[in-house]
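Residue numbers (the numbering used here), protein chains in the order written: chain A, 1 to 103; chain B, 1 to 120; chain C, 1 to 178; chain D, 1 to 298; chain E, 1 to 604.
For the record, the hints were derived by calculation from the structure and aren't laboratory data.
Quantities reported herein were computed from a predicted structural model and do not represent experimental measurements.
Every residue, glycine too, gets a C-beta built ideally from N, C-alpha and C.
Where hints are given, some of them may not hold.
What the hints assert, rightly or not - Where chain A lies over chain B, by a calculated footprint (3+ residues, C-beta under 8 Å):
#, stretch
1, 53-67
2, 85-94
Stated by the list, open to error - Derived lysine-lysine pairs resembling DSS-like cross-links, with alpha carbons at most 30 Å apart:
#, chain 1, residue 1, chain 2, residue 2
3, E, 561, E, 78
4, E, 355, E, 78
5, E, 129, E, 24
6, A, 90, E, 296
7, A, 90, C, 92
8, E, 473, E, 355
9, E, 296, E, 578
10, C, 92, E, 296
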Amino acid sequence: MTLVLIVALVTGAILFGIGVYGALSQTNLVMIMMGVELILAGALVNLVAFWRFLHPESYSGQMFVLVVMTVMAVEMAVGFGVAIARFRAKGSVEMEEAGDLKG
Amino acid sequence: MSILEQYGLLLALVLGIAATVLALFGIARAMGPTRREPGKDVPASSGVLSRDPVWGRYHARYYGYALLFLAFDMEMAFMYPWAVVYREVGLVALYDMGVFLAILFLGLLYGWSQGALRRQ
Amino acid sequence: MYAQAFFVAVFGLAAIGFGVVVFRTSSMVRSALALLFSQTAVGCMFLAMQTEFLGVLQIMMMATEMSIMAIFMVMFMMDPGGMGGMDMTHQKRFSIGAGVVAAGVAIVVAFWADWGPVTAEAPDAAMQTRALGMELLGRSMLIFETAGITILTAMIAATAVAIPVQTTANSADKEDTE
Amino acid sequence: MNFVIVLVALLGSVWLLAVVEGWTTTGRLRPAAPLLSGLAHLGRESIVPRTPDRVFFETAPVLLLIVAVLGAAVLPLAPTLVIADLATGALFINAALAYVLVALIMAGWGPNGAYAMIGGWRFLGQLIAYAMLIVMPITAVAMRAESLVTTVIVGSQGGLWNIVYQPLGFVLFFIAAMALAFRAPFDLPTAPGELGGGVDAEYTGVRLGVLRLARLTLVITLASATTVFYLGGWHGPLLPPWAWSLIKTLAVAVSMLLAGRYLPRIREADLMRWCWTLGIPLALLNIIVVGLLVLVVP
Amino acid sequence: MISDPTMTITGARQRQGGFTVLQKWVSRALAGNLSCLIVPGPEVALSHGLDVTAAGMRITATPRDASVLLIIGELSEKMSEAVAVLYAQMPRPRAIVILGGQPPSTLPDADFSAGVSQAGLIDAVDWLKRALAKGAFSDSPEDFDAAVLHARIDYVCPMHPEVVQNEPGSCPKCGMDLVAREAGEPAPEHDHDHGHDHREHRHHEHEHQHHDHAQQHEHHEQERHHGHCHEHHDSHEHDHEQHEGHQHSHENHHDHGHKHQHDESDGDAEEKGSGHDHGGHDHGASGFMSMIEVTKDLPRSADGLAMDWMEVPFGPVFPGLPGGLKLTLTLDGDGVTEGQATSLVGMINESEKGKEIDAETFIERLASAMPLASVSYRLLACLAIERAAGLENDSATDQARAVALECERIASHLGWLAQTGRQLGFAWLTDRAATLQLEIRRASGKRLLELTPALQALAARLGRTPLLKSRLKGIGILPSGTGGLSGPVARAADDAGDAWARLWQRLDEIITSLDYIKATGEPGLPVLRNIGRGSGTGEATVETPRGEAQLSLILEHGQVKSYRLDTACSHHIGLVAKLVEGRELGDALVAVGSLDLSPWEVIS
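Please work from the sequences and hints to get the whole structure.
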């Protein structure tokens with residue numbers, strides 16, 4: 001059974017890595033959010049694997065997954081809100097052009 | 001039937017349909033090739049040969065709804081497990097969910113008042 | 001058990017594959033839908049790990065959320081069709097490095113850590129939903145209500161930021177005058 | 001065995017629905033017409049538009065068919081006659097049908113044509129409108145049944161069908177189901193009069209055939225879901241359970257088909273506004289009413 | 001079965017292998033599933049009294065779903081071009097049927113032609129069924145090719161928009177490979193060509209950026225460029241999948257650039273070139289492009305977002321609009337920012353200089369040029385000529401003619417209802433109105449009055465239909481002080497002036513006309529009275545179903561020397577731009593539809 005756990009954890013880790021790459025390399029706000037979504041997906045895989053193979057008796061693990069999903073949705077809603085506002089103001093959501101945000 | 005076997009069955013269903021459709025495509029191909037002719041593969045636009053690419057930045061005018069939907073949609077992640085144990089727990093459950101839904105509904109009302117619920 | 005590991009691995013590979021496509025394709029809709037299918041594959045992994053409720057939920061939520069992501073991509077990316085083949089990345093080498101390091105560390109930890117005894121039998125799927133419901137109304141009630149507050153905050157924040165103040169100019173639509 | 005029976009029942013229902021559809025449009029009852037029409041689709045050329053997103057273009061009809069059948073796979077015809085009796089069946093059908101949107105976005109974006117693309121994005125707006133009205137009434141159904149298992153949900157309606165128990169939920173679900181099946185009057189993504197076919201516009205030959213099959217299957221799946229959630233599924237006197245399920249499913253499917261004939265297409269702005277400012281409050285009200293009923297009536 | 005060589009349709013599908021059993025079945029299925037695209041439109045079929053569904057064909061909305069191209073009547077030159085495009089987009093096997101009129105020069109020979117009559121239509125269907133059962137597949141079908149299907153290809157430099165050549169090569173200024181681009185239809189500087197303009201604009205801005213920040217960005221640029229090349233190699237998956245489509249586009253270029261020669265080596269060379277183009281037209285140039293620069297000068301919508309607007313044609317053969325009307329809308333998402341309507345079938349108001357037309361011929365010509373209101377224009381021509389010849393009014397004839405005019409008004413309004421039903425996806429309305437219209441065409445005089453309850457029931461039913469009011473109310477409100485209106489549009493303007501008011505105006509007029517017919521008597525088709533060899537000038541005005549039409553002409557010795565026609569639709573078509581602006585796409589189309597424009601009656 002440890003095999004399945006390891007497989008899941010490795011998958012989660014790779015998804016996390018891809019997400020990190022995406023969040024750092026993309027120049028566009030919306031693309032960066034996709035990276036963040038992947039990072040969270042990696043986290044979700046790990047959480048579910050931990051719950052299933054280590055603590056199936058305690059449902060706080062599943063609850064945590066629900067919270068992470070909520071975070072994903074909330075992040076998207078706010079992120080897109082900001083993207084719309086920036087696009088309206090500047091005509092762009094490219095981070096390189098967001099000099100005013102860097103302070 | 002174990003739960004994993006059921007998933008297997010669903011997976012088999014997916015693959016089966018895909019295979020069936022592929023077989024249909026194969027039969028259709030056996031009927032004959034699609035002749036390449038000028039103008040045939042230009043997307044149909046009612047008699048005008050419109051060759052402009054259309055993949056541009058599309059203005060979705062429902063983005064106000066979309067933003068609220070993204071957040072509001074999460075509500076059902078909590079509602080389904082709640083619904084299953086609702087009768088068991090009783091009035092407390094109704095109260096809990098009532099508070100939760102009231103909070104969400106507030107957000108909806110705010111969005112509504114600010115004009116998110118309209119075509120932008 | 002090997003079957004389970006096999007399916008977890010297959011869907012894991014699918015998730016990774018689609019995840020890679022997300023940042024490799026120049027078409028923005030493809031990118032968004034690749035993310036969608038990556039998340040779907042993650043949901044399928046949950047199912048393979050006998051976490052039915054969360055798996056189905058993941059499969060369902062991500063379909064709509066990532067589709068909405070697709071439309072926002074199309075709205076705000078310079079060349080959503082990817083017809084120009086533009087490169088939209090920066091600090092590529094650094095990012096690859098960071099990604100590899102992050103994944104590597106996590107993998108190393110996954111292999112080296114002593115995970116202790118591993119449970120073979122998962123709780124019954126129907127039981128899981130019930131237990132989650134009980135958790136929701138019991139111990140984690142505050143978390144649940146806090147999630148509600150978070151969602152409320154997000155709704156208010158998103159609306160306040162994104163929706164322009166109503167003026168006569170943009171309320172010319174028919175439904176607003178009614 | 002169940003597998004085969006359910007699929008045959010599904011195909012049979014689709015065939016009957018196609019016959020009825022032909023009857024209403026041409027005025028002639030021709031039982032062989034759907035088969036002939038399918039053969040004819042095989043015989044026509046399948047054109048791929050130039051500079052398409054080929055993957056999207058090819059996948060969309062297949063995906064639509066797959067999700068429609070997957071949705072039907074968790075819906076019972078009789079107490080044991082179901083392909084997969086999942087513990088989260090009621091949620092699973094939502095999950096499967098959420099991919100209708102994905103298929104339509106693919107079909108819209110794929111051909112690189114204006115009508116199709118507008119149609120695809122329009123359907124996203126349509127989903128944002130109807131999605132909550134599918135999800136929330138099902139919650140109320142699950143509250144009564146204390147389960148997400150579809151067979152248990154049908155079992156819970158032995159005494160009183162949900163259409164009587166929660167009529168408001170039924171109305172909302174029925175309307176939302178029609179919107180999900182994108183049949184008239186909710187055919188915004190394919191509207192011939194507004195978009196010249198919309199997402200259907202670029203499909204020809206065998207692909208169009210698969211697409212049409214998928215759309216009819218989708219109607220049957222949704223009708224079947226309505227039956228399971230609100231019309232007491234297999235419950236009924238005299239006839240065997242599976243017969244009742246099929247009869248109810250077909251009746252709902254035909255009524256969905258006919259409703260579109262007698263109504264003009266809804267405006268997208270109206271659809272979204274009504275769903276959010278009227279539909280969602282009503283759905284919440286439905287949940288509260290059912291919540292009280294469940295506690296009061298044992 | 002041995003296929004009869006004479007029974008092969010021109011649009012047959014290429015056969016693979018022998019005539020297998022499956023192909024035989026499929027052919028039969030094809031013969032049993034005729035779906036037709038009607039040109040100019042189903043409303044013309046109805047006004048000629050043709051019942052296509054009863055004849056055994058399904059009416060389709062798009063060429064993609066059609067197997068039969070049904071052409072009714074004469075087509076103008078522009079319509080012939082549109083028909084060629086539609087025919088090219090139909091999947092094989094496809095057939096052409098022409099009812100009345102000459103075959104358009106742009107199309108191959110018709111598979112079947114007959115006069116405009118239901119019998120002819122039924123013959124055509126019979127023939128098609130036999131022909132498709134035997135000749136749906138052919139070993140060597142001929143390709144369909146027409147001049148309109150080719151676009152001219154320009155080769156432009158991605159960096160220097162001013163460099164435009166008609167052959168591939170490299171840019172004289174920077175040495176980059178030129179990139180293929182389809183030129184706009186008539187001239188290279190085609191204003192409506194949004195997509196291309198836009199691309200050029202981008203490059204231009206890009207260049208701008210270079211000058212401003214060249215120093216800072218130089219280094220970055222290099223790095224990115226490398227990254228990008230690499231990316232491109234890896235993303236070849238995309239290209240492979242598109243191989244088929246791509247090769248075709250190459251063929252297109254090829255056909256055009258060189259005069260239709262299929263030389264293998266030449267093709268190969270070209271393929272490389274176009275492959276490059278395909279991978280990314282501005283591939284080589286793309287470094288850092290500022291999105292701010294790109295969106296800076298774009299027009300903004302009311303909500304302040306600058307999106308790509310696209311120009312989309314609706315028509316000339318669009319199911320939601322009368323055939324021959326071409327509505328070009330600039331869309332911002334699914335909202336209309338501007339739009340204009342043109343008629344491709346309208347009459348031209350120039351009588352040929354020095355060419356006199358016989359009075360009878362003139363009447364026939366005018367009537368056949370207006371298929372949607374032929375009686376009205378026949379009457380108009382008769383009146384004008386009779387007045388020119390100095391004939392006195394004859395009250396009996398006048399009455400009979402007036403009744404005929406009212407009959408046509410009812411039929412025409414029903415035709416509009418059917419068209420509206422088609423536009424709104426309201427199948428019942430389309431079927432009902434079309435049936436009633438056909439019955440009215442067949443019924444004469446008092447028989448027509450038997451239809452009164454049915455027509456009243458139709459109106460009552462529309463009043464009760466849910467969603468219809470919300471669909472039409474408030475759509476297409478005329479701007480205040482709009483002049484030049486006539487007909488139902490003008491009469492409804494006193495009310496709310498929206499699509500809903502126009503619907504009820506037309507329904508009321510149907511009932512009023514019925515009352516008039518009831519009170520008056522039998523209709524008499526307008527026939528020219530004996531004018532001898534009269535001369536003079538005459539002017540007549542007739543209230544056609546769509547508004548006032550005015551004809552003034554000069555008659556010399558029984559010959560029409562010159563004429564001048566003025567119709568309501570010529571004025572109404574100018575309203576389109578105002579009605580669609582800022583509307584949602586569906587609403588804009590409803591607004592245009594509610595005007596009941598007959599493109600035939602637009603005089604240019």
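How the hints compare with the structure:
1. 53-67: holds (count 3)
2. 85-94: Contact hint for the stretch 85-94 of chain B vs chain A: violated, 0 residues under 8 Å.
3. 561/E - 78/E: holds (27 Å)
4. 355/E - 78/E: holds (24 Å)
5. 129/E - 24/E: holds (13 Å)
6. 90/A - 296/E: holds (8 Å)
7. 90/A - 92/C: holds (25 Å)
8. 473/E - 355/E: violated (49 Å)
9. 296/E - 578/E: holds (27 Å)
10. 92/C - 296/E: Holds: residue 92/C and residue 296/E sit about 28 Å apart, inside 30 Å.
Consistency with the previously given hints fails for numbers 2 and 8, ordered from lowest to highest.
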